[in-house]
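In order, the protein sequence lines correspond to chains A and B. All letters in the first sequence, in the order written, are residues 17 to 70 by this note's numbering. All letters in the second sequence, in the order written, are residues 1109 to 1352 by this note's numbering.
By construction, these hints were calculated from the structure, which means they are not laboratory data. Be aware that one or more of the hints could be misleading.
[Said to hold, decoys possible] The following label-pair restraints were derived from C-beta to C-beta distances:
| no. | chain 1 | residue 1 | chain 2 | residue 2 | range |
| --- | --- | --- | --- | --- | --- |
| 1 | A | Gly27 | B | Thr1308 | 19 to 25 Å |
| 2 | A | Asn21 | B | Asp1124 | 48 to 54 Å |
| 3 | B | Gly1249 | A | Phe40 | 25 to 31 Å |
| 4 | B | Val1139 | A | Lys62 | 31 to 37 Å |
All residues carry an ideal CB built from backbone N, CA and C; glycine is no exception.
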Amino acid sequence: MSLNNFFAMGGYAAYVWSAYGISFIVLFLNIFLAVRNERKTIDELKKRLGSNNK
Amino acid sequence: MYKWIHQFGSPKYFYDISLHLSKWVTIVCIVCFIGGLYGGLVLAPADYQQGDSFRIIYVHVPAAWMSLFIYVILATSGAISLIWHIKITDIIARVSAPIGASFTFLALSTGAIWGKPMWGTYWVWDARLTSELILLFLYLGYIALQSAFDDKRIAARAGAILALIGIINIPIIHYSVEWWSTLHQGPTITKLDKPSIHLTMLIPLILMVIAFKTFYIAIALIKTRSEILKYECNSSWVKKILGN
């Protein structure tokens, strides 16, 4: 199977790749938001902890 | 059993276990995801009726299954927290709801994209599609409830009641293709006596289902740990973790 055939998806390229595109965006957003929230939480708690100790 | 529940419900215990669990779940997720994508997009032959468009199944079905699975988690955690008042189940339900909503959105949108070439339309108001849309509204209602109350305990209780009432929708979604006539095709996988899908198509699907499930667990664990840290920020073990 050639690479062109693979991307053409038997004429369904627009449907198949847009479905996979949306999936990757949704999965990526889930990862991004979870990791950002974790970093923010740890930063804030460290700051609060630091100011309490002074 | 009761002792075990309380030990599992202890935030520190859960935090420690989840760090180990996260590592393994992430590895399984990545391996299954790569294997499933390669098998589904490259190795599996084109469907004899649907051509290459059937490959949307590898994101559509796992997303749809997870949208139901996570809702059952919401309802189960809701029941547990109403009965035993265990904090950790409140947290798990709260962090799971947005993930479930995103999977429901994914199932609906990939289904619409798949419907256009196969049915000639993005959307029909049939039983399967409508009940899945109601599921999305249940999730959004749950999320709205969580942010509507300042007191997290009241929010959790209200959410638990909504989740338990909404659970009636889950069997409706599952059996909708059998109870009502619909454009949506019948179950492909769960007919174990006579599977209607070839192994080269089935194995990538199973891999993708495992990948989506472990993805959910991995994301939920990260979010749960953040919530535990916030909640337990005055306890000595959290200070120790943040100190180094």
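How the hints compare with the structure:
1. At roughly 21 Å, the beta-carbon separation of Gly27 of chain A and Thr1308 of chain B lies within the given 19 to 25 Å, and the hint holds.
2. Look at Asn21 of chain A against Asp1124 of chain B: about 50 Å separates their beta carbons, and that is inside 48 to 54 Å.
3. Checking the proposed 25 to 31 Å range against Gly1249 of chain B and Phe40 of chain A shows it holds: the Cβ atoms sit about 27 Å from each other.
4. Between Val1139 of chain B and Lys62 of chain A, the C-beta spacing of about 34 Å keeps the proposed range 31 to 37 Å intact.
Of the numbered hints listed earlier, not one is contradicted by the structure.
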